[in-house]
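Number of protein chains: 2
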Amino acid sequence: MDISIIVIGDELLIGQVTDTNSGWIARHVNPLGWNVKSVKVIGDDEAEILKAIGEGFAQSDLVLTTGGLGPTKDDITKEAMRKYFGGSMVYDTEVEKNVLEVVEKRHLKINDLTAAQAYVPSSCRVIQNRVGTAPIMWFEKDGKVLVAMPGVPFETEQMMEREVIPQLMSHFCSDEHIMHRTFIVIDYSESVLAMKLEQFEANIPAGIHLAYLPRPGIIRLRLTGRSANGDQLAADLDMLSGQLQDLLGSSIISYEDKPVAAILGDMLRERGLTISTAESCTGGNMAHEITAIAGSSDYFVGSVVSYSNDVKQLVLGVPASVLAAEGAVSQPVVEQMCRGVNDLLHTQCSIATSGVAGPGGGSPEKPVGTVWICVQCGDRQVAERYHFPGTRDRVIDRATMTGMLMLIKLLRG
Amino acid sequence: MDISIIVIGDELLIGQVTDTNSGWIARHVNPLGWNVKSVKVIGDDEAEILKAIGEGFAQSDLVLTTGGLGPTKDDITKEAMRKYFGGSMVYDTEVEKNVLEVVEKRHLKINDLTAAQAYVPSSCRVIQNRVGTAPIMWFEKDGKVLVAMPGVPFETEQMMEREVIPQLMSHFCSDEHIMHRTFIVIDYSESVLAMKLEQFEANIPAGIHLAYLPRPGIIRLRLTGRSANGDQLAADLDMLSGQLQDLLGSSIISYEDKPVAAILGDMLRERGLTISTAESCTGGNMAHEITAIAGSSDYFVGSVVSYSNDVKQLVLGVPASVLAAEGAVSQPVVEQMCRGVNDLLHTQCSIATSGVAGPGGGSPEKPVGTVWICVQCGDRQVAERYHFPGTRDRVIDRATMTGMLMLIKLLRG
Chain A
4 MDISIIVIGD ELLIGQVTDT NSGWIARHVN PLGWNVKSVK VIGDDEAEIL KAIGEGFAQS
64 DLVLTTGGLG PTKDDITKEA MRKYFGGSMV YDTEVEKNVL EVVEKRHLKI NDLTAAQAYV
124 PSSCRVIQNR VGTAPIMWFE KDGKVLVAMP GVPFETEQMM EREVIPQLMS HFCSDEHIMH
184 RTFIVIDYSE SVLAMKLEQF EANIPAGIHL AYLPRPGIIR LRLTGRSANG DQLAADLDML
244 SGQLQDLLGS SIISYEDKPV AAILGDMLRE RGLTISTAES CTGGNMAHEI TAIAGSSDYF
304 VGSVVSYSND VKQLVLGVPA SVLAAEGAVS QPVVEQMCRG VNDLLHTQCS IATSGVAGPG
364 GGSPEKPVGT VWICVQCGDR QVAERYHFPG TRDRVIDRAT MTGMLMLIKL LRG
Chain B
4 MDISIIVIGD ELLIGQVTDT NSGWIARHVN PLGWNVKSVK VIGDDEAEIL KAIGEGFAQS
64 DLVLTTGGLG PTKDDITKEA MRKYFGGSMV YDTEVEKNVL EVVEKRHLKI NDLTAAQAYV
124 PSSCRVIQNR VGTAPIMWFE KDGKVLVAMP GVPFETEQMM EREVIPQLMS HFCSDEHIMH
184 RTFIVIDYSE SVLAMKLEQF EANIPAGIHL AYLPRPGIIR LRLTGRSANG DQLAADLDML
244 SGQLQDLLGS SIISYEDKPV AAILGDMLRE RGLTISTAES CTGGNMAHEI TAIAGSSDYF
304 VGSVVSYSND VKQLVLGVPA SVLAAEGAVS QPVVEQMCRG VNDLLHTQCS IATSGVAGPG
364 GGSPEKPVGT VWICVQCGDR QVAERYHFPG TRDRVIDRAT MTGMLMLIKL LRG
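Listed in order, the protein sequences are those of chains A and B. Oh and the first sequence: position 155 is 158 in the working numbering, straight run, nothing missing. Oh and the second sequence: position 349 is 352 in the working numbering, straight run, nothing missing.
When chains are identical, the list treats them as one kind, so a pair holds in a single copy or across two.
Distance condition first, Cα-Cα at most 25 angstroms in a straight line; then the derived DSS-like pairs of lysine-lysine:
# : residue 1 : residue 2
1 : K147      : K54
2 : K412      : K199
3 : K86       : K147
4 : K199      : K108
5 : K199      : K81
6 : K108      : K369
Calculated from the structure, these hints are not laboratory results. Being a predicted model, the structure only gives us computed values, none of them experimental.
Make a model of the complete structure from these sequences and hints.
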């Protein structure tokens, strides 16, 4: 089944907010064998909404919209839906009851604007929004379905999972299987990897497709197959996985699409090791990435973010003389940070960073983007100097990713 | 001028990657008075690309595409462009020279696939991509323009700024002004704020529009005006800003759209105060948010991420007896973490968090989402218990945001 997603909101077209709903929906409908055909982002504009619905139905059986359903005056989606599907606006007492419950749970008071949420087009069937005040609306026309959901990601995600996906599954029947296999590869650039896999690619069975999804420091390889015969497809994908394993060996650090922090976490857990971080330029981002993974308390003990030189000295034991002679962004400093945090927090492994994230603070010898990273496991320690291009955010992200990959390589042996 | 953006890549339609290019472009063309009419996300599919270009030109003078230009086989955008605009594929020696330079800078070797980047449709004018190997292509048809850019955000952002936007500015002339004013508001829910501003909204001059952009803990209010008369528009917006200031007072914590961490940073810098954080459930995310702001070393000293109870005890001085009696997620623990990090890192202000981010670790008394947060400035300390709904990510984000807002309120007095 093909799906068109329409994302509604002026704030998206001026870039003030980034749409994450369409990606979330895509990730969750894909394993069901449903295919997101396109995503269209439009403003809070009635004519645009009506046009997008028409285009969506022209190419898909199902149109999902998010956004434009809040209580304030800039939201006109509900009226556009009424115009498209017909009927009049009616006051729905079940919606009113739900709004009252949600408002009460949040310890807020109801007012005229939240009460206005209870008006819905008579042409829709309401799915009660248990986690917000904007009702979810299910419309049908000529055998096709449109479901209008709120823009708040938490509400859309919760209600898609609890109600919308199950209802869509019983409404539509899918007999095509779509399967993915993802491999996280290190040690290769995209084009060198593509040459290595030229022969492999030439022999991929029909209906299966290989995609390269490079990210800083890693390449995700994704095999996607579609077939009416799910068993055959699974067997073909297993065979191809085996071939990739033979070709790439330990350069494949994961056979699942998961964050690098989770891959590192799995390696630490398997080996019964604990980890800490000592962060200057990454400012806590490495600890954040590691602890974003559920269950990370199995191996992550803690971190010292030593932004000022005083903290490097007093808490992590970097000698004042070394800081004075070599500067904070230097090999001996990052090595001592690594040792220091291991000693302080009693861990076996650690990662330390010290660099110039920019935009200020650069010098001819240590320009913006210069980062020293050190990783340690027991008595093995490796330090490297990098130069990462780009803005402050990117330098922080690259340093974070690189530190975790350095430790993965050290653990891989 | 109206712009349509087309974002190309299968990985976006299965939700493996989130599009950030369209938001970046929108943020950067908007101040020029250009209007992003819609964003369409489609797969690596020739027919879809051709259709999207047609739709884009039907509603806009300018179509910008990102993605689908890598060297590997899953990218077919270049051939679709050639079909749409005509001509043949030609080998461009200037592109080859640029690819060689870029590859050399990255200390990589050129291979057949990177060399293939030098083939471009004869119907385009090439803009050399100084930060990547995929050439940027400028096409014209019937007085309209399409610029095809790579999908890697860093490359698109760099080249838009350096080359594409300046060239578009000299090609198109804009005589309409679009101006925004954004206000960050706390203390109100969206609907209570909307009622407070009902009279204000009713008197907004024609051509100016008010939008509510709620985020957890804050509401961003945005006034958008369009007019041929820039001076009049600026004067009207100034008048409305003054009215909002009178109505909302210190509930407006910023008159610019900036991250809460930057607003907090400005307050600390103005008052000559330093800050540290002691983080358990937020796992370094608060330090990361604070240090994501350039210049944060003016006030941010460091952080202790005390994920394990040992670290809370040994580094932050939480008594073992208190941990045993009250548990890590408790008022006395978070209060001592706050004092402990202030003492250890010699700061005046601090924020401490301890909670159950989930999905595991909840109990009937302290379910997942329970978070104690404490903020301190000098001898003033405030601790609050919260219950944040949602997934692990959301609990971490909400706790991070709430901690910073609590300190903003304490500093506001």
